[in-house]
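Protein chains: 4
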Amino acid sequence: MTTDVICEGDDLLLFLDSKRTFLIKVRKDESFHTHKGYIRFNDVIGRTYGGRVKSSLDVDFVLFKPTLSDYQKKMRHATQVIYSKDTALIVNYSNIGPGSRIVEAGTGSGVLTSALAHYVRPTGKVYSYEARKEFLEKARKNIERTGLMDFIELKEGDVTQCIDEENVDAVILDLATPWLVVPLADQALTVGGTFISFSPTIEQTVKTTTALMENEFVNVVTVECILRRIKVKEGQTRPETLMIGHTGYITRARKTGKRG
Amino acid sequence: MTTDVICEGDDLLLFLDSKRTFLIKVRKDESFHTHKGYIRFNDVIGRTYGGRVKSSLDVDFVLFKPTLSDYQKKMRHATQVIYSKDTALIVNYSNIGPGSRIVEAGTGSGVLTSALAHYVRPTGKVYSYEARKEFLEKARKNIERTGLMDFIELKEGDVTQCIDEENVDAVILDLATPWLVVPLADQALTVGGTFISFSPTIEQTVKTTTALMENEFVNVVTVECILRRIKVKEGQTRPETLMIGHTGYITRARKTGKRG
Amino acid sequence: MTTDVICEGDDLLLFLDSKRTFLIKVRKDESFHTHKGYIRFNDVIGRTYGGRVKSSLDVDFVLFKPTLSDYQKKMRHATQVIYSKDTALIVNYSNIGPGSRIVEAGTGSGVLTSALAHYVRPTGKVYSYEARKEFLEKARKNIERTGLMDFIELKEGDVTQCIDEENVDAVILDLATPWLVVPLADQALTVGGTFISFSPTIEQTVKTTTALMENEFVNVVTVECILRRIKVKEGQTRPETLMIGHTGYITRARKTGKRG
Amino acid sequence: MTTDVICEGDDLLLFLDSKRTFLIKVRKDESFHTHKGYIRFNDVIGRTYGGRVKSSLDVDFVLFKPTLSDYQKKMRHATQVIYSKDTALIVNYSNIGPGSRIVEAGTGSGVLTSALAHYVRPTGKVYSYEARKEFLEKARKNIERTGLMDFIELKEGDVTQCIDEENVDAVILDLATPWLVVPLADQALTVGGTFISFSPTIEQTVKTTTALMENEFVNVVTVECILRRIKVKEGQTRPETLMIGHTGYITRARKTGKRG
Numbered sequence: 001m002t003t004d005v006i007c008e009g010d011d012l013l014l015f016l017d018s019k020r021t022f023l024i025k026v027r028k029d030e031s032f033h034t035h036k037g038y039i040r041f042n043d044v045i046g047r048t049y050g051g052r053v054k055s056s057l058d059v060d061f062v063l064f065k066p067t068l069s070d071y072q073k074k075m076r077h078a079t080q081v082i083y084s085k086d087t088a089l090i091v092n093y094s095n096i097g098p099g100s101r102i103v104e105a106g107t108g109s110g111v112l113t114s115a116l117a118h119y120v121r122p123t124g125k126v127y128s129y130e131a132r133k134e135f136l137e138k139a140r141k142n143i144e145r146t147g148l149m150d151f152i153e154l155k156e157g158d159v160t161q162c163i164d165e166e167n168v169d170a171v172i173l174d175l176a177t178p179w180l181v182v183p184l185a186d187q188a189l190t191v192g193g194t195f196i197s198f199s200p201t202i203e204q205t206v207k208t209t210t211a212l213m214e215n216e217f218v219n220v221v222t223v224e225c226i227l228r229r230i231k232v233k234e235g236q237t238r239p240e241t242l243m244i245g246h247t248g249y250i251t252r253a254r255k256t257g258k259r260g
Numbered sequence: 001m002t003t004d005v006i007c008e009g010d011d012l013l014l015f016l017d018s019k020r021t022f023l024i025k026v027r028k029d030e031s032f033h034t035h036k037g038y039i040r041f042n043d044v045i046g047r048t049y050g051g052r053v054k055s056s057l058d059v060d061f062v063l064f065k066p067t068l069s070d071y072q073k074k075m076r077h078a079t080q081v082i083y084s085k086d087t088a089l090i091v092n093y094s095n096i097g098p099g100s101r102i103v104e105a106g107t108g109s110g111v112l113t114s115a116l117a118h119y120v121r122p123t124g125k126v127y128s129y130e131a132r133k134e135f136l137e138k139a140r141k142n143i144e145r146t147g148l149m150d151f152i153e154l155k156e157g158d159v160t161q162c163i164d165e166e167n168v169d170a171v172i173l174d175l176a177t178p179w180l181v182v183p184l185a186d187q188a189l190t191v192g193g194t195f196i197s198f199s200p201t202i203e204q205t206v207k208t209t210t211a212l213m214e215n216e217f218v219n220v221v222t223v224e225c226i227l228r229r230i231k232v233k234e235g236q237t238r239p240e241t242l243m244i245g246h247t248g249y250i251t252r253a254r255k256t257g258k259r260g
Numbered sequence: 001m002t003t004d005v006i007c008e009g010d011d012l013l014l015f016l017d018s019k020r021t022f023l024i025k026v027r028k029d030e031s032f033h034t035h036k037g038y039i040r041f042n043d044v045i046g047r048t049y050g051g052r053v054k055s056s057l058d059v060d061f062v063l064f065k066p067t068l069s070d071y072q073k074k075m076r077h078a079t080q081v082i083y084s085k086d087t088a089l090i091v092n093y094s095n096i097g098p099g100s101r102i103v104e105a106g107t108g109s110g111v112l113t114s115a116l117a118h119y120v121r122p123t124g125k126v127y128s129y130e131a132r133k134e135f136l137e138k139a140r141k142n143i144e145r146t147g148l149m150d151f152i153e154l155k156e157g158d159v160t161q162c163i164d165e166e167n168v169d170a171v172i173l174d175l176a177t178p179w180l181v182v183p184l185a186d187q188a189l190t191v192g193g194t195f196i197s198f199s200p201t202i203e204q205t206v207k208t209t210t211a212l213m214e215n216e217f218v219n220v221v222t223v224e225c226i227l228r229r230i231k232v233k234e235g236q237t238r239p240e241t242l243m244i245g246h247t248g249y250i251t252r253a254r255k256t257g258k259r260g
Numbered sequence: 001m002t003t004d005v006i007c008e009g010d011d012l013l014l015f016l017d018s019k020r021t022f023l024i025k026v027r028k029d030e031s032f033h034t035h036k037g038y039i040r041f042n043d044v045i046g047r048t049y050g051g052r053v054k055s056s057l058d059v060d061f062v063l064f065k066p067t068l069s070d071y072q073k074k075m076r077h078a079t080q081v082i083y084s085k086d087t088a089l090i091v092n093y094s095n096i097g098p099g100s101r102i103v104e105a106g107t108g109s110g111v112l113t114s115a116l117a118h119y120v121r122p123t124g125k126v127y128s129y130e131a132r133k134e135f136l137e138k139a140r141k142n143i144e145r146t147g148l149m150d151f152i153e154l155k156e157g158d159v160t161q162c163i164d165e166e167n168v169d170a171v172i173l174d175l176a177t178p179w180l181v182v183p184l185a186d187q188a189l190t191v192g193g194t195f196i197s198f199s200p201t202i203e204q205t206v207k208t209t210t211a212l213m214e215n216e217f218v219n220v221v222t223v224e225c226i227l228r229r230i231k232v233k234e235g236q237t238r239p240e241t242l243m244i245g246h247t248g249y250i251t252r253a254r255k256t257g258k259r260g
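Chains as they are written, first to last, in the numbering used here: chain A, 1 to 260; chain B, 1 to 260; chain C, 1 to 260; chain D, 1 to 260.
There may be inaccurate statements among the hints.
Stated by the list, open to error - Below, simulated SDA-like cross-link-like pairs (lysine to any residue); rule was C-alpha separation at most 25 Å, straight line:
id: 1; chain 1: C; residue 1: K65; chain 2: D; residue 2: K258
id: 2; chain 1: A; residue 1: K258; chain 2: B; residue 2: L57
id: 3; chain 1: B; residue 1: K233; chain 2: D; residue 2: P200
id: 4; chain 1: D; residue 1: K258; chain 2: C; residue 2: T48
id: 5; chain 1: C; residue 1: K231; chain 2: D; residue 2: P200
id: 6; chain 1: C; residue 1: K207; chain 2: C; residue 2: V221
id: 7; chain 1: B; residue 1: K231; chain 2: C; residue 2: Q236
id: 8; chain 1: B; residue 1: K233; chain 2: D; residue 2: T201
id: 9; chain 1: D; residue 1: K36; chain 2: D; residue 2: D60
id: 10; chain 1: B; residue 1: K65; chain 2: A; residue 2: G257
id: 11; chain 1: D; residue 1: K73; chain 2: C; residue 2: G99
id: 12; chain 1: A; residue 1: K54; chain 2: B; residue 2: M213
id: 13; chain 1: B; residue 1: K233; chain 2: D; residue 2: I82
id: 14; chain 1: D; residue 1: K65; chain 2: C; residue 2: G99
id: 15; chain 1: D; residue 1: K233; chain 2: A; residue 2: R228
id: 16; chain 1: D; residue 1: K73; chain 2: D; residue 2: G245
id: 17; chain 1: B; residue 1: K155; chain 2: B; residue 2: L180
id: 18; chain 1: A; residue 1: K233; chain 2: B; residue 2: E216
id: 19; chain 1: A; residue 1: K258; chain 2: B; residue 2: S56
id: 20; chain 1: A; residue 1: K207; chain 2: D; residue 2: T201
id: 21; chain 1: C; residue 1: K73; chain 2: D; residue 2: E216
id: 22; chain 1: B; residue 1: K231; chain 2: A; residue 2: N215
id: 23; chain 1: B; residue 1: K54; chain 2: A; residue 2: V221
id: 24; chain 1: B; residue 1: K233; chain 2: D; residue 2: V223
id: 25; chain 1: A; residue 1: K36; chain 2: B; residue 2: E216
id: 26; chain 1: D; residue 1: K231; chain 2: B; residue 2: Y83
id: 27; chain 1: D; residue 1: K207; chain 2: C; residue 2: S18
If you're looking for bench data, these hints aren't it; they were derived computationally from the structure.
Based on the sequences and whatever the hints tell you, model everything.
In structure tokens form, the structure reads like this:
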């Protein structure tokens, strides 16, 4: 990321504070209105990203170039969206990186899809399946905005019925019945590849684990990540009162050659 | 990752179960001995990765090609090593990816260094500072084994005194006094770039947060990740009895242009 | 607790479900109105506690005799109120029971006061200090409703300045500056007695611990209790999405004879 | 608790630090040996509880009068023992206090039994069932030492088959198949009384919850208590590295009159 200049047509993240940010398109001769006053885009064009601008009410806004996670926070959500703590662990456990080939399902809003695509650049690919056509269109719009479409193939289809790819490095699932996908995931994965599934309920996790054991996967492990935000201020430091107590369980496993 | 053939001189992960794995080098005419019998390398050479081999005691071992995380688990540790749950969040929060340029300190055993290098390939770079020369040599050996040295520059130096780089996308710290690094990190970062610090104690976190606020960083957030492993088995499912209760706090922030 | 008959003037807990309960007084010829219809008290008088009654909209309500915790949930709160998970641990750690004599401060709304009184019956006493007169009146009203006033002495006073009692079994604090109370608590406690303090912030906890060490208390331990509610239903079991992430830290210690 | 004098034949808690304590009987003319030197009982007899004594190696020990929790920590364990965090919540949720009548099963080592007895004194009773005769004898010895036997009736029997008592205030279970006890617990409880069950696995919890719903219990709630110990020291404050990650789930419910 190099510091560069804000141009007409650019996406811009107007940052007021951690909880109030606006992802907007820069349009010459127009303004953007907030409850803290409006900002003229003509005052912004030609400035460098990361700088500050004052609104008509003299309030400071920072002019950030949007990152992937900024886009993801603003993605229109057709479905329950995966949290970044879980995305982080899924990426880590999957052993993926630049060049990896991944089968993912379901696409949902495309949040996890775009995160995976971000890391497999510039030579990898995410094959993302979604059985519900209406979600696929919304996901496409969300992903296009992030500029990651070149590394993603969106596919309409039900992965409990068919996976076209072979020798993929990881199969990553966020859908209602992951255990039904295990045999096809086994076929699609390269030997040594990683299976990952995210599920909200413990019963889904038990069924998926049982299916993985039956299909001779090894290193079958389930974890739950509890993330606490800490309010840090000299003399007033404490974990936040209200927190997200649960999103889901992450189950991972590794494919091997079968017993002789 | 494509399935490929095991050759003499390769690194090999012999996998017995989740808790017993061996990272070894394949040597013609030799054997590797375990408490479950020995394995002749001549039985292994020419086989494909991911397959299984039987030891002299007829116990099944899987022949995995080592992943980065396999190498990291076996790195000789001169220092306390960061856990993968924390690495995962640091990577996610830092907004890095292929092409990113990162300043990291201290190098320690090189575990976090190699994880960062994995994600910035093929065009990015990790500038990793370590003030203690003896750790640097150990880290170099650890990292060379992972094949990621091309994306890392190991530097002997104290980041509380000097950071050579400019316009980096992220500064990532795992050292005793991160608050002393904040002013130099501010200079090294590109506008919009990310500062991240990992600290075991709450007092370090408070000092670092205070320094970030004084240096006009925005979006200053501290989190703690509590990871629970779940024992999943039909009729016996429960979180594990003993767990790692705490590793450290992760503080992150974003650099902006300064107030006029 | 024996099953008994509902009379005019009784307190009654109308229970619809875990989240919707009403603590009301039974009044002949009157009704109680809810969004699920009204209930005629004349239909309730003479019934036994624990039975069910139908509202005018044919919705089932249970007629519970209020327990102490039912009263506590409905106490009018002048201050932040302690959670039952923390009350439970405070009672357990304090080693109190029937006959114990306790100094408590501040009284606040009287929630912790009444819980302590419940356990020291019939021969113990809770001496509860509150520096702010207006809270004391509200607390008195709350406690009178629970019928536990005989086991409590409400005292207007600042425990950082003066504690009248001697040889008490426990000193239990829920106030802003517990470390200032440590020397007086030390004097008030019997040798072997328990000091307990509840504080929301970590800085309070550090100061209190330091004061306890300086005053030669032993077994100085701080804990935090994280309570998760689990949604249990065949096929849909999972921890609740939103939870209370933090209430406070509990520090406890034991008074000894001093070093010679 | 009043300060009193140590006599021959007394139980004594020798306290070195939070992790090293010794529960012993005072015997004239004898000594007690530790790795920090020995203590002559003749130096102890006639001293007051809570004082300090020096060992032959000049190390300070505190002479505490044992509390119930001191006894419980030293009870010989025939079975897995319930943690004090769970005991604390069970006591709190059960609404018991002086005078309560409780059915408990299984007795196990008597740890929970004695805790319950402590709170129902001086007029209540704990009816504790244990199906395995050999545990019952060990429990009896453990409980006798605590002096609480007057408030406990130990009964050999299987509560899935028979509960003799009626109109009890609480039924409290720590056994393998609590769901099988629900119908008999329903009969034994007074209307408005509390059912509580502690189970390590989630499958037990689901079955118990289902049985409670089928038997028209209300306010059926399951929680899990995660207790973190915090290392508190100026400049080094942090949660402890290793912690107990899970003991069990607590399910509670309240009996009502049945639907007409």
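Status of the hints after comparison with the structure:
A C-alpha spacing of about 16 Å is found between K65 (chain C) and K258 (chain D), which places the hinted pair at or below 25 Å, so the restraint holds. At most 25 Å may separate the alpha-carbon atoms for a hinted pair to count; K258 (chain A) and L57 (chain B) meet this at roughly 19 Å. Taking the CA atoms of K233 (chain B) and P200 (chain D), the gap is about 13 Å. The hint holds against a cut of 25 Å. A C-alpha spacing of about 12 Å is found between K258 (chain D) and T48 (chain C), which places the hinted pair at or below 25 Å, so the restraint holds.
As the CA atoms of K231 (chain C) and P200 (chain D) are separated by approximately 16 Å, the hinted pair is consistent with the 25 Å bound. Distance check on the hinted pair: K207 (chain C) and V221 (chain C) sit about 13 Å apart at the alpha-carbon level, within 25 Å; holds. Restraint check for K231 (chain B) and Q236 (chain C): satisfied, since their Cα atoms lie roughly 18 Å apart, inside the 25 Å limit. At roughly 10 Å between alpha-carbon atoms, K233 (chain B) and T201 (chain D) fall within 25 Å of each other, so this suggested pair holds.
Our distance criterion of 25 Å between C-alpha atoms is met by K36 (chain D) and D60 (chain D), whose separation comes to about 9 Å. A hinted pair counts as satisfied when its Cα atoms are at most 25 Å apart, and K65 (chain B) with G257 (chain A) qualifies at roughly 12 Å. The straight-line distance between the Cα atoms of K73 (chain D) and G99 (chain C) is roughly 23 Å, inside the 25 Å bound, and the hint therefore holds. Between K54 (chain A) and M213 (chain B) the CA atoms are separated by roughly 20 Å; this keeps the pair inside 25 Å, and the hint holds.
The straight-line distance between the Cα atoms of K233 (chain B) and I82 (chain D) is roughly 23 Å, inside the 25 Å bound, and the hint therefore holds. In summary, the hint linking K65 (chain D) to G99 (chain C) is supported, as the alpha carbons are separated by about 17 Å, within the 25 Å threshold. Annotation: proposed proximity of K233 (chain D) to R228 (chain A) holds, straight-line Cα distance about 22 Å (limit 25 Å). Restraint check for K73 (chain D) and G245 (chain D): satisfied, since their Cα atoms lie roughly 19 Å apart, inside the 25 Å limit.
With a C-alpha separation of about 19 Å, the suggested pair K155 (chain B) and L180 (chain B) falls inside the 25 Å cut-off, and the hint holds. Distance hint between K233 (chain A) and E216 (chain B) is fulfilled; the C-alpha atoms sit about 15 Å from each other, no more than 25 Å. Distance restraint check for K258 (chain A) and S56 (chain B): the Cα-Cα separation of roughly 19 Å lies within the 25 Å cut-off, and the hinted pair is therefore satisfied. Between K207 (chain A) and T201 (chain D) the alpha-carbon distance is near 16 Å, which keeps this suggested pair within the 25 Å criterion.
Distance restraint check for K73 (chain C) and E216 (chain D): the Cα-Cα separation of roughly 24 Å lies within the 25 Å cut-off, and the hinted pair is therefore satisfied. Of the supplied pair hints, the one linking K231 (chain B) and N215 (chain A) holds, its CA atoms being roughly 19 Å apart against a limit of 25 Å. Taking the CA atoms of K54 (chain B) and V221 (chain A), the gap is near 24 Å; set against the 25 Å cutoff, the hint holds. Taken as a hint, the K233 (chain B) and V223 (chain D) pair is honoured in the structure, with Cα atoms around 21 Å apart against an allowance of 25 Å.
With a C-alpha separation of about 20 Å, the suggested pair K36 (chain A) and E216 (chain B) falls inside the 25 Å cut-off, and the hint holds. The hinted pair formed by K231 (chain D) and Y83 (chain B) meets the criterion: a straight-line CA distance of about 20 Å does not exceed 25 Å. Simply put, K207 (chain D) and S18 (chain C) have alpha-carbon atoms about 20 Å apart, close enough for the 25 Å limit, and the pair holds.
Consistency note: the structure conflicts with none of the earlier hints.
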